[in-house]
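Put together the whole structure using the sequences plus the hints.
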Amino acid sequence: MLLTDFIIFVLSLWVGFEVISKVPATLHTPLMSAANSIHGIVLAGAIVIAATAHNPVGYILAFFAAAFATMNVVGGYVVTGRMLKMFKRRPAPATPAGPPIEPSPNGARGATASGGTANTGASNGAKA
Amino acid sequence: MLLTDFIIFVLSLWVGFEVISKVPATLHTPLMSAANSIHGIVLAGAIVIAATAHNPVGYILAFFAAAFATMNVVGGYVVTGRMLKMFKRRPAPATPAGPPIEPSPNGARGATASGGTANTGASNGAKA
Amino acid sequence: MTGTFNTVIQLIYLAAASCFILGLHLMNNPATARRGNQVSIAGMIAAIIATGVLVIHLGVITATGWIVLLAGIGVGGGLGLYTARTVKMTAMPQLVSVFNAVGGGAAALVAIRDYSQLGSHIGAATSVTTLLDVIIGSVTFSGSIIAAGKLQGLITSAPVTFPGARIVNLLLAATAVGVGGYVIASPSLIGLGIVIAAALIFGVSMVMPIGGADMPVVISLLNAFTGTAVAMAGFVINNTGLIIAGALVGASGGILTKLMADAMNRSIGNIMLGGFGSGDTAVAIEGPAGAGVQSIAADDAAIQLAYASKVIIVPGYGLAAAQAQHEVAALADLLESRGVDVSYAIHPVAGRMPGHMNVLLAEANVPYPLLKEMDEINPEFARTDVALVIGANDVTNPAARRPGTAISGMPILDVDAAKSIIVIKRSMGHGYAGIDNELYANPKTSMFFADAKKGLAELAASVKTLVA
Amino acid sequence: MTGTFNTVIQLIYLAAASCFILGLHLMNNPATARRGNQVSIAGMIAAIIATGVLVIHLGVITATGWIVLLAGIGVGGGLGLYTARTVKMTAMPQLVSVFNAVGGGAAALVAIRDYSQLGSHIGAATSVTTLLDVIIGSVTFSGSIIAAGKLQGLITSAPVTFPGARIVNLLLAATAVGVGGYVIASPSLIGLGIVIAAALIFGVSMVMPIGGADMPVVISLLNAFTGTAVAMAGFVINNTGLIIAGALVGASGGILTKLMADAMNRSIGNIMLGGFGSGDTAVAIEGPAGAGVQSIAADDAAIQLAYASKVIIVPGYGLAAAQAQHEVAALADLLESRGVDVSYAIHPVAGRMPGHMNVLLAEANVPYPLLKEMDEINPEFARTDVALVIGANDVTNPAARRPGTAISGMPILDVDAAKSIIVIKRSMGHGYAGIDNELYANPKTSMFFADAKKGLAELAASVKTLVA
Ligand SMILES: NC(=O)c1ccc[n+]([C@@H]2O[C@H](COP(=O)([O-])OP(=O)(O)OC[C@H]3O[C@@H](n4cnc5c(N)ncnc54)[C@H](OP(=O)(O)O)[C@@H]3O)[C@@H](O)[C@H]2O)c1
Ligand SMILES: NC(=O)c1ccc[n+]([C@@H]2O[C@H](COP(=O)([O-])OP(=O)(O)OC[C@H]3O[C@@H](n4cnc5c(N)ncnc54)[C@H](OP(=O)(O)O)[C@@H]3O)[C@@H](O)[C@H]2O)c1
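Chains as they are written, first to last, in my numbering: chain A, 1 to 128; chain B, 129 to 256; chain C, 257 to 724; chain D, 725 to 1192.
Do not rely on the hints blindly, as some may be mistaken.
Claimed, not checked - Under 7 Å between C-beta atoms, here's a sample of chain C residues computed to sit facing chain B:
1) 263
2) 266
3) 270
4) 277
To be verified - The calculated DSSO-like cross-link candidates involving lysine-lysine, where the alpha carbons are at most 30 Å apart (straight line), are:
5) D:812 - B:213
6) A:85 - C:700
7) B:213 - D:1178
If you're looking for bench data, these hints aren't it; they were derived computationally from the structure. As the structure is a prediction and not an experimental result, all values here were calculated from the model. The beta carbon of each residue, even a glycine, is placed where N, CA and C say it ideally should be.
Given below as structure tokens:
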């Protein structure tokens, strides 16, 4: 059991390692905040210990664990959402929406710093 | 057991999904060949069934399994190696080594189509 | 519990984890970032509900347990929602840090509870993860609170250190680990208490010596810590969901920390060891000084701007410090209404947190497309009549181009390529890096010495008079 | 077996899998690709040795088992090494396809062996994966062999199809799955045989209707299939190493297939349904034809090249077909010795496989830095005196820039920006896409009608005479 847990742990590390590709600096803070919300899943752990609590100490620990975890998960997602609102797109009044970047032939996945903006830029163009 | 195996399976799918970022087309064939060699790990399976074989049928199956798998793994890696040899660098006689690309601030990971060549180009410059 | 039931729960956890992964993936790109967050939320809801169902199914939870649990969720949820809704955009990093703290705290509590309950009946393997969870969780808890305090200005953002600080840190770490090892061998709650105390103090003494301006990176690092702590909690209560999500955050947080540090060309190492993160110690020498620096009056600056055909605004930390985002937006609108082509040059590390300028200007409803990333806008400066630098310093300092300076190697905005440059700042005071800026001595440059907020208001006023 | 022993083996598998991941990661970038392959190899060796040790430790293997095993390894290894060493660079895709076939075959055999041995004692869950393994493995086996045959020219590369082919495919698939379901319910070797047969035939009939030129994509897809089959084999014999590595290949292979298809702007869907992958049905109409097309003689072409200051060579499928790589390298050296700046413009899908031109020119020892990717070289055409197009057609066809053509939307090399263009091909014959090329009617273009090998030799000769 511990072994398979460990295997799962390592594989998840790999996923985390690979999932963050080159990100425009603008997204660093939102991404940090998003990752932050995800570890709010510890709430699941809090629920479990609340379920097995039978004495005052247990209840107190469970209470704080639940409160802390919920604060993390709720607050985290709301803040992230607010940060990402700044990517809402409104038609650009004066300037052209984006740089004329040649669509690279295999531009399938993984936003690059410039690539990222290019995308938004492009879709602005579409909207504007 | 089946459950944890499945979890491991899904996580590995995610890793595979994330690990291939934008690759210069030049590398498509070598990458395909590399992935090909990796599934040569089925040789481990062949060894296991050879270990548990006790009748002619079992032996025959084990033999072919072992032969097939070994061919896959050995051939795969050798071919990949040969393909990648073409990235060996020799000082460029006439032309400049690479395009003058501004190093992007967070150019930490994940090669982009052009980025890829830029890298090689750059290092040529260094070598030349 | 029935096998199949458990299986279903596990599969839901797996699905949730997949949502988290997909969410992060989508967040690599501004175009899909918001969808990413929604996917992630969906996964979280699924995971929590599944756990609730599991607990009900187990049926061991007492009535008090329910009350405690729901009370905790209510209180925590309320606090989280309220703070997250009301916090000012620019104060978000410290809030994230607080959420970090509570996350780490919760992870630690899970392990503590587990340890105190099981006492000596736990196998060594489990209690190693238990202790790791306790230690990492506690360090993150106190460390994150200090980090938040520094950013909020409740604690001096200047590096606080004292002779022998390093040794103290080493001792604390040694205590936590050493005693930790002991309590694994022979379980004792006092021992555990010592471990917790040592870890908490260590968290404080780890972050105190780091300058406020480096906090974004530190927070990101502590974020990765919390992830790891949560993964450990997953081992403790043997919950796959926690393990996967925790490890995911641990690794991606680590990568993210590196990207951040790279962007402000610092190494994580020398950030953690403290050093020039001293932040805003830049003393504002009153009045202009320095050789060959020419200053300019509001009206003349206004004329240049009003009759330019292309203006690029270069915002920096000063704009945030002066809270002048609305003024700058107003001025830009004014110029645009006169047909001037206005755009903003956003340096990756302008301000004091990644994306600082974006949040700031978003607050003033500057359309996102007007904000241009550095690589995108640098070529445009040559075609620009006036570069209006507002409270930006280091990110425009040509000194970065030659080696041997505090900012050498940091990519900068090629402001000096513009036909003329107007700099709004209060004095010749230094920026974060604490070095002089050669740009100000450039003959093309004229300094408009003023607080950003007031200065911009003046400019707007005089532009208006011009138009009238 | 002892728990710890098993644990160690599992950890070695995990380490091996991590090597595979890291290897693929490094292979995303030309600069680190070779190291990536070495890391991957290291992981593989570790995994195999660990398995060997495991088997010895179990001690159940018979002497005959050893002989059989080692014989198999010897034969397979020898074959693999020999073919891989001796194959011509340009024949590599078909060889990869063969390795694919044997990999899938091996995976299928593992499941067959397992099924035949365990008979009815297996739980449904296991035998679902068993059947999946058998089916996917068999399809890959026969499909890959056909694909290799088409590329090698042993089987016509033209799409082979007949009325009702689709229905037949459906029936075959239905049989495999249906009977598969039956043999899970009530195990029977005959049933398994039917499943295998149906799967094998399906593999053939799936690949036959696809044109030879689309084979690189098909091979990549089958590669992903094999990965999945191997993962299933991992489920069958409950081996984590196989599961991780297999799933890894399954997913990354899938992504890679998509990237490939995108690069030659096809969708995987319409490739699998066959269609205009018909490849080299381009009939070579003898002698020049077409309005307003001017042809040029070797000497005149030689003069243009010899006195140019910058020449870009645009190789295409024709260069490979004529095996003229050494001739082009020789000509390039000759020009460079005269101080002409020569470089090669490599279109991502020039030729018939990704990287076709790179392997081809590498064979003639053209230094890698001279090969420029499309995005990098396109801006340079404007500064180019002569663009020498050798057996390239579609990748230079301006028709791609406007909608409604077979290649619309495919990014092309901006050859027509060069001051003058010389095209070497045998006739006005079409390329892979089977459409006319407006470039040839361009006043700046002069056609040098010849087989690439002969033509280039002539050119070199006349350049030499000029120098003398
Ligand atoms: N973005 C991040 O994630 C991050 C994190 C940590 C550190 N940093 C560092 O912070 C720096 C950011 O560069 P920057 O150019 O944005 O800022 P800066 O280099 O720190 O300069 C800010 C300037 O604004 C002026 N200023 C301060 N208050 C002002 C006010 N009320 N009105 C007008 N001007 C005011 C100051 O000059 P006066 O005193 O003369 O007014 C100061 O020179 C970089 O060195 C970066 O590495 C960034
Ligand atoms: N790279 C890949 O992965 C891949 C895979 C599948 C399909 N494709 C497709 O293949 C095409 C590649 O374009 P391409 O420009 O490289 O090739 P192409 O468009 O297929 O044109 C090749 C040209 O070479 C000429 N040629 C043939 N044999 C020759 C010889 N012995 N000497 C001189 N010329 C000869 C032919 O004209 P003559 O008959 O008049 O000589 C033909 O027009 C693209 O459409 C691409 O989508 C690529």
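Okay, the hints, checked on the actual structure:
| no. | hint | verdict |
| --- | --- | --- |
| 1 | 263 | holds, 5 Å |
| 2 | 266 | holds, 6 Å |
| 3 | 270 | holds, 5 Å |
| 4 | 277 | holds, 5 Å |
| 5 | D:812 - B:213 | holds, 14 Å |
| 6 | A:85 - C:700 | violated, 38 Å |
| 7 | B:213 - D:1178 | holds, 29 Å |
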